[in-house]
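Chain A is already provided as a structure; the job is to place chain B on it using the hints.
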Amino acid sequence: MQIPYEVQARPDTGLYNAKLGIWLFLASEVMLFGGLFSAYIFLRMGAEPGFWPLGLLNVPIGTFNTIVLIFSSVTVVLAWASLKMRKFADYKKWMGITIVCGALFLIVKLTLEYPAKFSHFGAYIEKDKWSKYEDYLGNKHLAEIKRPPRVEISGHLHGVEVRGDRAVIEDFAKANGLVVKEVSHHGEGHAEDEKKGPLYEVLHEKKGISPAKAEKLSKIKGVELVAFDVQLDAHNADPTNKNYDRANFIPPGLSEKRAIIKAEDVHSWSAFVPKHSTYFATYFMITGLHGLHVLGGVLVFAYFWGPGAALYRKNPEHLANRVEVAGLFWHFVDLVWIFVFPLFYLL
Amino acid sequence: MSDSQAHAAPAEHATKDAAHEPHDPHAPPHDAHEIAHHIKLYWIIGGVLAVFTMITVGLSYLDFDHWWGMHGVNMVVGMIVASFKVSLVGAIFMHLKGEKPTIWRFLYFTLFFFLGLFLLTFFAYADPIFGTWHLTR
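In the order they appear, the protein sequences are chains A and B.
The numbering of the first sequence is this note's numbering, which starts it at 1 and goes up by one.
The numbering of the second sequence is this note's numbering, which starts it at 1 and goes up by one.
Isolated chain A, as found in the complex (with noise of 0.2 angstroms):
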């Protein structure tokens, strides 16, 4: 089937007709992202002071992919100019940078950035034992000088201790290479604790257990979940280091400091993922959907780049109106991006 003013404009729009479908597309496209941007500042408003966090994402990683979605909007357009100028050399070395400057922004996100999301450990502290945690939590240091609290102590899961039947836990562990260790029991009402029965640590020396793992051995029938061995984040290792008081460019990463946090104390627990708050529900969703529609554009010019090159011999115009086309879908990819930079990295 043959559509209609593929090439030549129609008449009465004065535009060919894949322009007017990928603008109206588009259209489509900015009250989607639009709804998730209102969700956005709803959740953000509606967060108590402490909890929309700031800081957790590695703002050097973002800036590089945002240079490089920016760079990749340039070449794009050279690649589309180049077909313009029937120089098909340039077309094809100016969409190839193209499609690599997106294959490597979706590999840096999913190599990079949401793998150390999902390994790093999140504990929510309850309201009425922020002071018992004073030490990491640098509440009164932070009401001095005016800053909302900090609610939570992050950091490397170094290994969980747990209570209850040890064959049942020393299956779990060997099952998922850790190690069972008998603890002595410690903190106030440690008289009371001994009582429960012996006390264990679950945990692999060196690369500690994926807060995943812990959620699956605290949901075993029989074993209670007790505390966690965490490595502290730095900025809660010394909350109250004014370097702290504010992200830093640089993010200072995780101290050499432990601590034991008691399951009874924490509000809610688990990996930087989707349901450890609001905040990365949104930045999962909106991401992640943005990180689709990179692939997608990817996909459409590999396609371009490859068997749908072809197209040149019997008719560039129509190529190289196929490439202004999906070109303008990835400037929209990059213009979603300029917003979800700040928004989620910075502010």
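Any given hint could turn out to be false.
To be verified - Restraint ranges, calculated between C-beta atoms of paired labels, are given here: (1) Trp68/B to Lys195/A: 52 to 62 angstroms; (2) Lys275/A to Thr132/B: 24 to 34 angstroms; (3) Gly296/A to Lys100/B: 43 to 53 angstroms.
Unchecked claim - No farther apart than 30 angstroms at their CA atoms in a straight line, the calculated lysine-lysine pairs in the DSSO-like style are these: (4) Lys100/B to Lys314/A; (5) Lys195/A to Lys219/A; (6) Lys129/A to Lys100/B.
These are computed hints drawn from the structure, not numbers from a lab.
Computed from a prediction, not measured in an experiment: that's the story for all the values here.
Cβ coordinates follow ideal geometry from the N, Cα and C atoms, glycine included.
Frame of chain A, contents of chain B only:
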């Protein structure tokens, strides 16, 4: 292709490309020359966007909210820079500058509903009908 002006294209382009692409029956269209002039502009805009990315990052570490004791100053500053960047992308990369009126009409329509959406969001916090104002937390 109704490219009667094809002959107006620079002769060296036509011969050079014909050598590269013997199967291409078409010479560059009449607007090719104009597009060639824009290439430098595309690089400049790309550079400006990269610079303003750095500026956004830098500005976010200036603590306006705290210094001025106000809510949302950093947010407003960040969004102004982002809006500037987005308008450059739209105007130059997406060719909205000098685009046909049909597309602009569709975009006005979209803008209307987009602003309506955010107005509804705003009214959830500042409702003029019932006089509730929840904007400061």
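Given the hint of 43 to 53 angstroms, check if Gly296/A and Lys100/B actually sit that far apart at their C-beta atoms.
violated, 26 angstroms
I want to verify a distance hint. Is the separation of the beta carbons of Lys275/A and Thr132/B within 24 to 34 angstroms?
Once the Cβ atoms are compared, 31 angstroms apart, the range 24 to 34 angstroms for Thr132/B and Lys275/A holds.
Would you mind confirming whether the straight-line C-alpha gap from Lys100/B to Lys314/A stays at or under 30 angstroms?
holds, 27 angstroms
Given hint Lys219/A paired with Lys195/A - CA-CA distance at most 30 angstroms:
The hint holds at about 23 angstroms.
Distance restraint evaluation - Trp68/B, Lys195/A, Cβ atoms, bounds 52 to 62 angstroms:
holds, 57 angstroms
Holds or violated: Lys129/A with Lys100/B, Cα cutoff 30 angstroms?
Violated - the C-alpha atoms of Lys100/B and Lys129/A are around 62 angstroms apart, more than 30 angstroms.
The structure shown violates the earlier hints numbered 3 and 6.
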